[in-house]
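Novice: When we follow numbering that gives the first Met the number 0, the leftmost residue of the sequence shown carries the number 0, and every step to the right adds one.
FYI, nobody ran anything at the bench for these hints, they're computed from the structure.
Careful: at least some of the hints might be erroneous.
[Claimed, not checked] 20 angstroms max Cα-Cα, derived SDA-like pairs, lysine to any residue:
no., residue 1, residue 2
1, Lys388, Ser333
2, Lys410, Gln429
3, Lys547, Asp400
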Amino acid sequence: MEDQIKQAVEIAISGTSDYNLKQQAITFLNDLKASADGWQAFSLLLKDISYPDRARFIALQALNDYIPNLSQEQNQYIRSTLLTYLQSLISNNKDDSPFLKNKLAESFASLFCSTYLASWPSFFKDFHNLISNENEIAIDQYLRILLGIHSEIGDQLIVRDRPLVERNNALKDSIRVNDMEDLTKVWKRLLADFKSSQSSLSQKILTQALQVVGGWVSWIEIGLIVEPDYINLILEFLSNDSQKATCCETLVEIISKKMKPEGKLQLLSLLNLTNVVSSLSLDGSDVEFVEHVAKLYNAIGLELTFILDSQEASADIKSSADQQIINLFPFVLSFLENPYDDVSAHVFSFISSYLAALKKIIKQSNGNIDSTHLGLLGTLLQKVILKMKYDAEDDGDDEDDISDFNEFRSKLKVFQDTIAIIKPDLFVEQITNVIEQSIFANSNQDWRTVELGLFELTNFSDAIRNNVLNLPKYSIQESKPYMIFQEFLVRTINSNVVSINHPLIQLNFFELIVRHYSFFNTSANKDALTNHILELFISVGLYNPNEKVQIRCWYLFFRFVKLTKPILNDEIIIRLITSLAEKLLVIKAELPQKDENSELVESSSTFDNQLYLFETLGLLISLVDNAKIELKIKLLDILLNPIFADLEKAVSDVHRNQIVILQAHHSLMAIGTIARGFEYDSSPNKKYSPEVVQRFNNTAEVVLVTLENLNSFELIRDAARFSFARFIPILKNDISSHLSRLISILLSSNNLKISEMTDFLGFIGQIIHNFNKADLIYNLLNDLFTPLSTKTFAILNDKGENDVYEMMPDVVREKSSLKKAYSTLLISLTQNNISSLLVTETNKSNLPLILQHLLVDANDLSDLQVSKLSLSALSLVANIFGNDTVNDPKDKYNTGMSIDGISSFLLENLVKSSFQIPFQNEKFDIKDAQYRFIADEIANILKVLFTIKNQELVTYLREVYFPQIQLPTNVGDDLVQNLINLNTKDFKKYFVNFVLQLKS
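Sequences and hints are given; from them, build the entire structure.
Specialist: This is the structure we're talking about:
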């Protein structure tokens, strides 16, 4: 068996074995591992330490899995095997690979957990005997085993089930009683005996011994470690290059041991780490060690602030802790200003804890703060602000570095804001000095200095907006800090800061401006300020050679104009639009490029960002006074004429390849976006001049001609619909002359996609909302509605060859969206008081088909949103058509129309659906909130029917429907009485309980 296992392992781990043979070997080993007595077979691989490392590793791994589930007798065998194996390693002086030694340590640790309390109480004594002659291989393995045991029973970062927690507590209790004193003595002896040895294994032993002390100290009696000679021995390793980092980690664990405040203060005094560490060389060449020392000081500071905040600590104890914090602070500040941010970050926890404790102390002392802590606070704020500055070697052009630094800054900003809360005057004094010196001191400052000033100016604004300065809420804008900020903002705008050629300066400047648009809107000097800012956008931002700055400024320019609506003088606006049209508004379509590193297809973002410019200029032109109509039309033509020329070229191009179609799409989108710019002027009773309306009438005609010629392309249909949606507010009723052609063209498209139809229905809903009182639009919709419904139903009914569409999730989702869009359109008809459209001579024959579709969708609980929306539509239809007439006095087109038979159709089918949906569908779970919404809609339908039909509904329920479904008389009578007596809200509650009781 032993040879067979050995051979199987060799085959399994070989890189050259035949694939089938390797699979057989792996199967054999897995079967063996799954067998009840496989542990005996695997233990055979530990008989000979010359076996391959991988073979012995597999054996140890297998035994690890067995140990927790074996009996004490079986584990006795494994214990003997492992000890014999370890003794063989020691006697042969075989220093195995670390992964093998760690796996052996895991095996012993697992064996310890299973046997220490039951059958191996001498575990530690046996190992102490084993290492008594201080064999390095034995000691190395012993320490690894102790680290493994700590990982099993003492590591608090590992989440364990309750039974394991109870087992581990029992093990720790027994160790404390029986072995802990001996263990700590052995560790001390090892540290003392090996500290002078220079062999690599001895150095590893010292490191592991310190790790054991650091790990175990969290749950042992601290008094066994913190004797002066023991602590001094540990402290010696701070000067040893090989152990100094581990020594710091061990000291952190010792310091962090949970203790009462008095005991913790005594421990910190005994350690005297501030003096010890101050004698070390921290020249910065060993950054990793400096980080560990920073962690150590951070731990000391956290414990001291814990004492300050403790209810148990006496006044004297707190005073002593306070003095130690003061002594500690210079060292913490030195780490904070360290050039490496990772070092600085290691003292953040203490700084946060210190500020929180100080805030609480000040609150308890009615706002008083002693001069020492006030000085510390001022120095801390200075260091925090300086730490927010970009390093001298950082060029500020790497996106990842900028992102990391911004995250680091955000943590520093929390400290800055906390100091502002604690001492507002100190914050205002320092931050204003920094802003003054950074931005305005002289014109030749390093970009990093200016960037810090702009950053802090933004922070100053945030502090005022979020009122961290605790200003009177209703007079913040009259406060001194706000006045100072306003002055700084205006001075920054009028300075030459933005001309400093660095992207961070320019971006921060324009972001700051746009962020404070409200200041400009309320300024008495608004026109001059906004015109100057727009000049800066033109001269620095929009044409910036840095693409990132340029693209971002296009958006910020749009935001600024949209939010401030500046009135430009004629010279500026002509120059602006002419220049942009020539240089930045030239549309150049680019086909999407496939990313080399992924399957994604990336489109160029240039055009998407260009649209911000088109929209901005549309808005600026709309703001030109109508008294200057010639200028207004001239500016509009400057924008539109090049686009018209592009479209004419696309229409006449016989090739019509992808780039031609994409160019035409972009041109149509640009037209629609210019029109959208006109929408932002939302002044009351806004009327566009006849000349502007005529220009957009002409533009609509251009769009239609393009669509007629290129309507087989989805991109063109989408863009045309987008443009027309933006023409509506401008053209108003004039749009009716174009809509008929637009809709006819779109509906006649043979390759209309489901998603397009969904968007198209939304577009029709927009038309209904805007023109529900317009006769021309009503007549247009009257001619349109039946073809529209027919097209919609044809798309929904198309299941593809062999019903393939029903098995395609994306198609199912798109059809669901289309159903919802159609129901929403029907609801829009009723809400906009033109339901009569459904029963005109043109459309009335189509109404039964519409109702049938709604009923089918309402009963289909595979899509609850569709079901609910269909029920809502049916409820509204019943309310309006429930008496064979159009019951809507606000419908101006209702001429006493009658619809024979619809009343009885709705009564029978809606009553039937109201009981079939909840009671004949197994999916219906009234306890689920989504199904309760369905029940609410059904209850609403029944109330609507009762309002319309009254006694007719009652008679139908009692004499026809309830007998059909064999509903008990008393149950039916109870429902009818509640239907009669309760209002809609209460009946909904009743109906939910009614369904719940009957289904249960």
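Novice: Decide, hint by hint, whether the structure agrees.
Specialist: Each hint tested on the structure:
| no. | hint | in the structure |
| --- | --- | --- |
| 1 | Lys388 / Ser333 | holds (16 angstroms) |
| 2 | Lys410 / Gln429 | holds (19 angstroms) |
| 3 | Lys547 / Asp400 | holds (16 angstroms) |
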